[in-house]
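> So you can see what is in the structure, the chains are spelled out below.
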Amino acid sequence: MWTFEFILEFIGTFAFAISGIRLASAKEFDWFGAYVVGVATAIGGGTIRDVLLDVTPFWMTNSIYLLCSGLALLWVIVFGKWLIHMNNTFFYFDAIGLALFTVVGIEKTLGLGYSMWLAIIMGTITGAAGGVIRDIFINEIPLIFRKEIYAVACVAGGVIYWVCLKTIGDGIATQAIAGISVVAIRLVSVKLRICLPTLRKDRDEL
Amino acid sequence: MWTFEFILEFIGTFAFAISGIRLASAKEFDWFGAYVVGVATAIGGGTIRDVLLDVTPFWMTNSIYLLCSGLALLWVIVFGKWLIHMNNTFFYFDAIGLALFTVVGIEKTLGLGYSMWLAIIMGTITGAAGGVIRDIFINEIPLIFRKEIYAVACVAGGVIYWVCLKTIGDGIATQAIAGISVVAIRLVSVKLRICLPTLRKDRDEL
Amino acid sequence: MWTFEFILEFIGTFAFAISGIRLASAKEFDWFGAYVVGVATAIGGGTIRDVLLDVTPFWMTNSIYLLCSGLALLWVIVFGKWLIHMNNTFFYFDAIGLALFTVVGIEKTLGLGYSMWLAIIMGTITGAAGGVIRDIFINEIPLIFRKEIYAVACVAGGVIYWVCLKTIGDGIATQAIAGISVVAIRLVSVKLRICLPTLRKDRDEL
Numbered sequence: 010m011w012t013f014e015f016i017l018e019f020i021g022t023f024a025f026a027i028s029g030i031r032l033a034s035a036k037e038f039d040w041f042g043a044y045v046v047g048v049a050t051a052i053g054g055g056t057i058r059d060v061l062l063d064v065t066p067f068w069m070t071n072s073i074y075l076l077c078s079g080l081a082l083l084w085v086i087v088f089g090k091w092l093i094h095m096n097n098t099f100f101y102f103d104a105i106g107l108a109l110f111t112v113v114g115i116e117k118t119l120g121l122g123y124s125m126w127l128a129i130i131m132g133t134i135t136g137a138a139g140g141v142i143r144d145i146f147i148n149e150i151p152l153i154f155r156k157e158i159y160a161v162a163c164v165a166g167g168v169i170y171w172v173c174l175k176t177i178g179d180g181i182a183t184q185a186i187a188g189i190s191v192v193a194i195r196l197v198s199v200k201l202r203i204c205l206p207t208l209r210k211d212r213d214e215l
Numbered sequence: 010m011w012t013f014e015f016i017l018e019f020i021g022t023f024a025f026a027i028s029g030i031r032l033a034s035a036k037e038f039d040w041f042g043a044y045v046v047g048v049a050t051a052i053g054g055g056t057i058r059d060v061l062l063d064v065t066p067f068w069m070t071n072s073i074y075l076l077c078s079g080l081a082l083l084w085v086i087v088f089g090k091w092l093i094h095m096n097n098t099f100f101y102f103d104a105i106g107l108a109l110f111t112v113v114g115i116e117k118t119l120g121l122g123y124s125m126w127l128a129i130i131m132g133t134i135t136g137a138a139g140g141v142i143r144d145i146f147i148n149e150i151p152l153i154f155r156k157e158i159y160a161v162a163c164v165a166g167g168v169i170y171w172v173c174l175k176t177i178g179d180g181i182a183t184q185a186i187a188g189i190s191v192v193a194i195r196l197v198s199v200k201l202r203i204c205l206p207t208l209r210k211d212r213d214e215l
Numbered sequence: 010m011w012t013f014e015f016i017l018e019f020i021g022t023f024a025f026a027i028s029g030i031r032l033a034s035a036k037e038f039d040w041f042g043a044y045v046v047g048v049a050t051a052i053g054g055g056t057i058r059d060v061l062l063d064v065t066p067f068w069m070t071n072s073i074y075l076l077c078s079g080l081a082l083l084w085v086i087v088f089g090k091w092l093i094h095m096n097n098t099f100f101y102f103d104a105i106g107l108a109l110f111t112v113v114g115i116e117k118t119l120g121l122g123y124s125m126w127l128a129i130i131m132g133t134i135t136g137a138a139g140g141v142i143r144d145i146f147i148n149e150i151p152l153i154f155r156k157e158i159y160a161v162a163c164v165a166g167g168v169i170y171w172v173c174l175k176t177i178g179d180g181i182a183t184q185a186i187a188g189i190s191v192v193a194i195r196l197v198s199v200k201l202r203i204c205l206p207t208l209r210k211d212r213d214e215l
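Protein chains in written order, with my numbering: chain V, 10 to 215; chain W, 10 to 215; chain A, 10 to 215.
Hints in this document: simulated from the structure, not taken from any laboratory. Nothing here was measured: the structure is a model prediction, and the numbers come from that model. Check before you lean on any hint, since a few could be wrong.
[Unchecked claim] When the alpha-carbon atoms are kept at most 30 Å apart in a straight line, the in silico DSBU-like pairs for lysine-lysine are as follows: (1) Lys36(V) to Lys175(V); (2) Lys36(W) to Lys36(V); (3) Lys36(A) to Lys36(V); (4) Lys117(A) to Lys117(W); (5) Lys117(W) to Lys117(V); (6) Lys156(W) to Lys36(V); (7) Lys117(W) to Lys36(W); (8) Lys117(W) to Lys90(W); (9) Lys156(A) to Lys90(W); (10) Lys36(A) to Lys36(W); (11) Lys36(A) to Lys175(A); (12) Lys200(V) to Lys36(A); (13) Lys90(A) to Lys156(V); (14) Lys117(V) to Lys200(A); (15) Lys200(W) to Lys90(W); (16) Lys90(V) to Lys36(V); (17) Lys200(A) to Lys36(W); (18) Lys156(W) to Lys90(V); (19) Lys175(V) to Lys117(V); (20) Lys36(W) to Lys200(W); (21) Lys36(A) to Lys156(V); (22) Lys117(W) to Lys156(W); (23) Lys200(W) to Lys36(V); (24) Lys117(V) to Lys156(V); (25) Lys36(W) to Lys156(A); (26) Lys156(W) to Lys90(W); (27) Lys90(A) to Lys156(A).
[To be verified] Derived list of chain W stretches under chain A, where covered just means 3 residues or more per stretch with a C-beta under 8 Å from a C-beta of chain A: (28) 17-26; (29) 65-77; (30) 139-151.
Built from N, CA and C at the ideal position, the CB exists for glycine as well.
Let the sequences and hints guide you as you build the complete structure.
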């Protein structure tokens, strides 16, 4: 059970849940509310994917994902005041989770016989939609619609997965290259403050 | 058709719809908007449950739930100005609805062969998720994430259902004990102003 | 493929996507965020319908809907500053899309063997729910809950479809009368500034 992939998935789930719990805390949510936001951030994307693909949502057959989110809540309750010093750590964890969730989403969709373009969309939903649900719960405009390269890293990773699949074939190498690409794009874009253009300039006219 | 359980369910649906319509009214929604928010509050939790369980949403095969929400709208239009004096009545109705929705959600999930922990989650979603959708529609932070014991009463009722199922077995007694527990926890926690702790103290650090 | 109905559907998708992209732009969303809001506006209603009906969401088997939304994004990027002069054009396009989406939703639901009242609801969801998702994404109270006759035009069109089905039978005439009714109700209500009543007067008491 504790394979390398599963450990990465656990880290990703934990990091996503932490991000939801922290933002919920800042809005004075109680423990239950913080837990729900953490869970929604961690499993929301995969749940939307599975509902659209018409398969049983992944967390309904294995309680580890909800337990992992519970551990994240415990972590914030106990170590909350030191969390600020761990921003960098969680940033890396979050990028790892994003990459793994994207690859998992792509492979699940392809495994069900859908087309590659839909697999890229489902990979992106798996990685990025949880954060959108989180922001709706805390009543903020979804962060990934306005700032930084986030979901676009999933899309780019999906395209790279596609290219690898066509050239070097299905397997661990394709997964690794696509996943590392997502992490790299995410990290480089944040370090260099690369953003997508906005349509802001048209605001007056729109 | 008008069994005791069905009458409770009708009361619960009516109370949930009233809560949605009242909050929508305070935001100057028109009749249609108020009706949609009322319906979403009343049937939203059960719909999410049924979509996750991959069965036809319960209200799609019986129009009584939408008619009941329509009655609630009519009630607010006609008796709106006296509603304030009925706050206590609706508080009790809402607690009854919460309890019944929780038990219905648990039993439906178990009936489909899922595990007990998932049934507790589905019971909680059935009872509490409608209120979350309501608050998203009126653009407020979901109340149950910040104030009072609400969804936690569903969780506790679900655990009590579990204990009863293991000891006294399946049947009306288990349903009644679990349902009355939800109502009791809800009422006592509001009377004594018992709240869950928040993570507020960490706000500066987070 | 480029039948008359498909051209109308393409125009409707384009107009819906434009409405999402414009509102996203006003909130300084980046290109990706604007595209997601545009897509959600265009395909959100039909996706909710298909998930509730437990069929594969329509856009997952044909990439034309996502491409059409991409064209809408390109249009706003290139012609953004002239969009303000095209408000009337897009208002008519939007009304056409609303009518067509309503009829498509009704027919799909009836085709799956559901009852007429559910078909009217699904037609309304197909036409109007995308705009609700759009407004949740940009963190505003859904416009159609407070202003103008919009979803109610879908409901009225659905009832007219029902009457036609009972009298002149299934066919292009019934579709056309129902669709034109939706457009007519929408246009007349906006021209004459007809609104539904609100429950505002009860605000103090509620």
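> Now look at each hint and say whether the structure bears it out.
Going through the hints against the structure:
1. For the proposed pair Lys36(V) and Lys175(V), the alpha carbon gap of about 46 Å is over 30 Å, so the pair is violated.
2. Pair hint Lys36(W) plus Lys36(V) holds up; C-alpha atoms about 22 Å apart against a cutoff of 30 Å.
3. At most 30 Å may separate the alpha-carbon atoms for a hinted pair to count; Lys36(A) and Lys36(V) meet this at roughly 22 Å.
4. In summary, the hint linking Lys117(A) to Lys117(W) is supported, as the alpha carbons are separated by about 28 Å, within the 30 Å threshold.
5. Restraint check for Lys117(W) and Lys117(V): satisfied, since their Cα atoms lie roughly 28 Å apart, inside the 30 Å limit.
6. At roughly 12 Å between alpha-carbon atoms, Lys156(W) and Lys36(V) fall within 30 Å of each other, so this suggested pair holds.
7. Using a Cα cut-off of 30 Å, the hinted pair Lys117(W) and Lys36(W) is violated, with the two alpha carbons roughly 35 Å apart.
8. With a C-alpha separation of about 38 Å, the suggested pairing of Lys117(W) with Lys90(W) is violated against the 30 Å cut-off.
9. Between the alpha carbons of Lys156(A) and Lys90(W) the distance comes to roughly 23 Å, so the proposed pair stays at or under 30 Å and holds.
10. With a C-alpha separation of about 22 Å, the suggested pairing of Lys36(A) with Lys36(W) holds against the 30 Å cut-off.
11. The straight-line distance between the Cα atoms of Lys36(A) and Lys175(A) is roughly 47 Å, outside the 30 Å bound, and the hint therefore fails.
12. Our distance criterion of 30 Å between C-alpha atoms is met by Lys200(V) and Lys36(A), whose separation comes to about 25 Å.
13. A C-alpha spacing of about 23 Å is found between Lys90(A) and Lys156(V), which places the hinted pair at or below 30 Å, so the restraint holds.
14. For the hint pairing Lys117(V) with Lys200(A), the CA-to-CA distance comes to about 50 Å; that exceeds 30 Å, so the pair is violated.
15. For the suggested pair Lys200(W) and Lys90(W), the alpha carbons sit about 26 Å apart, so the restraint of at most 30 Å is met.
16. Taking the CA atoms of Lys90(V) and Lys36(V), the gap is near 16 Å; set against the 30 Å cutoff, the hint holds.
17. Between Lys200(A) and Lys36(W), the direct Cα distance comes to roughly 25 Å. Compliance with the 30 Å bound is thereby established for this hinted pair.
18. Under the criterion of a C-alpha separation no larger than 30 Å, the hint pairing Lys156(W) with Lys90(V) is consistent with the structure, at around 23 Å.
19. At most 30 Å may separate the alpha-carbon atoms for a hinted pair to count; Lys175(V) and Lys117(V) meet this at roughly 18 Å.
20. Our distance criterion of 30 Å between C-alpha atoms is met by Lys36(W) and Lys200(W), whose separation comes to about 28 Å.
21. Restraint check for Lys36(A) and Lys156(V): satisfied, since their Cα atoms lie roughly 12 Å apart, inside the 30 Å limit.
22. Proposed proximity of Lys117(W) and Lys156(W) is supported: the alpha carbons are some 28 Å apart, at most 30 Å.
23. Simply put, Lys200(W) and Lys36(V) have alpha-carbon atoms about 25 Å apart, close enough for the 30 Å limit, and the pair holds.
24. As the CA atoms of Lys117(V) and Lys156(V) are separated by approximately 28 Å, the hinted pair is consistent with the 30 Å bound.
25. Using a Cα cut-off of 30 Å, the hinted pair Lys36(W) and Lys156(A) holds, with the two alpha carbons roughly 12 Å apart.
26. Taking the CA atoms of Lys156(W) and Lys90(W), the gap is near 26 Å; set against the 30 Å cutoff, the hint holds.
27. Pair hint Lys90(A) plus Lys156(A) holds up; C-alpha atoms about 26 Å apart against a cutoff of 30 Å.
28. For the region 17-26 of chain W, the proposed coverage by chain A is not satisfied: 0 residues have a C-beta within less than 8 Å of a C-beta in that chain, short of the threshold of three.
29. Proximity of the region 65-77 of chain W to chain A, defined as three or more residues with a beta carbon under 8 Å from a beta carbon of that chain, is established by the 5 residues found.
30. Closer than 8 Å: that is the beta-carbon criterion, and the region 139-151 of chain W has 4 residues meeting it against chain A, so the requirement of 3 holds.
In terms of the numbered hints stated before, the structure departs from hints 1, 7, 8, 11, 14, 28, listed from lowest to highest.
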